[in-house]
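Residue numbers (the numbering used here), protein chains in the order written: chain A, 663 to 799; chain B, 245 to 409; chain C, -17 to 137.
Read the hints as simulated data drawn from the structure, not as lab findings.
We treat Cβ as the ideally placed atom computed from N, Cα and C, and that holds for glycine.
Quick partial rundown of chain B residues pointing at chain A, CB under 7 Å, derived from the structure:
#1 262
#2 287
#3 399
#4 400
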Amino acid sequence: MRGKTSKSSLFFIELCASIVLFLVCAGVCVGLFARAHRLSVDSAGLTVAVERATAAAESFRAARNQAEFCAVLGLKEQDGALCADYDENGLAGDGGVYRLTVDVTEEAGTMTADIRVFRGGEELYDLAVRRPGKWGA
Amino acid sequence: MDGKKDRKQGGGLSAAAVLLLLTLFGLLAAGTLVSGVAVSRGIEQRGGETYLKRTALSYLVNQVRGADEAGAVDVCGFHGVEAVRLREELNGTAYVTYLYCWDGALRELFMEEGLGLSPESGVAVAEMAELRIQRRGDLLSFSMTDGEGRTGAASVALRTGEAAS
Amino acid sequence: MPFFGGSLLMTVLLIVCLATFAALSLQAAGADYRLSRRYADYTRAYYEADGSACLVEAALSDFAANSLEADDAAAWTAVAAEAGGEDPSAIQGAAGTEVSFFVTLPGEEIRLIVRLRYGAEADDPVRLAWKTEAFGEAAEPEDTHLPVWTGEETP
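Kindly generate the complete structure, drawing on both the sequences and the hints.
Spelled out as structure tokens, the structure:
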């Protein structure tokens, strides 16, 4: 009888030890999973930001005037800069996750567009694009 | 007699505690595994989406940028599908490269101009279900759908443009 | 009673599987992020070179519009070099002056090759080429092909 009680106590202790060991290791693994998730979300966000910035850059290079440039990207003037919002899939629409801003300046016979992409107020990517000459009417 | 009853009760409590601990352990293990699987699935899904944008689309864009000469870049029909045609001259001979979607893949076909090879001869570059190409002035726009139904878009402005050709 | 050590052994196995799974997920996500970063950096480098080429074009257009030395090929070359064009050259022809130069993408073995033609009348050039080209190791593909038989008799 004593032996039986002793055996079940040992098993109980063993189980407790297993749980504690598992808790410690699971804590570390959950931390790794959280880090992996963060990296994956950042990677996707950066890729979408680069895609949107590149689309804006190429449209800036090809557009004959500001109206055409804004029409292609769905840009609207806001606080002196041109802005557009995009959802997770890069489709234009109000209240989207990503915000694209374009600031156009002229210098040295060229036009420069300072393109920035934000998500939740954090700047993900920025690109400076230049085109020769000026826009037509 | 009382001693036997006490031992029976003690044994029952011990078993209940063990069972409780085992259940707790099982729940912890299951919860951790489920969260890990969810994270892994999310990574795989996002990885697939970024692969389309980063690989297939940027490949098209960079091929066009690498061939941007006056009159060298064209959008045309190629055996019933939309294709980008890039012309170049090597050692006095005219060659063309067709970039198109055929049989579930983005394909590239490089051949002497006028040779008339079939779309199956193209080298598969990336998995793709559909490719739409649009030209508005100097701006070439690509829109792709991969085998999983994920979509992506890219555009490239021809610096040499229509006026230069 | 269950045999002793069984639950501990099972726990250790479970931990090993979980740790491997977590490590692989982290490795995959990390590789994905590095590729995205590389793509972003290359894109920025391309537009930097593209912008530099635009500045050279603007300088040449200004030279074409305002200078009296527009029939001097060396002057064109000097303007392109001063504006940042690498290895510039200019050829005077019947159609006008053809100027070539390139701009190297920062941090890449790729250059942007530009060829412009300035006609006698127009200030704005006709862009004959504005394309990327790999150089250095990037331009030499790994030779993974089998040697091609050239028709010589084998010994």
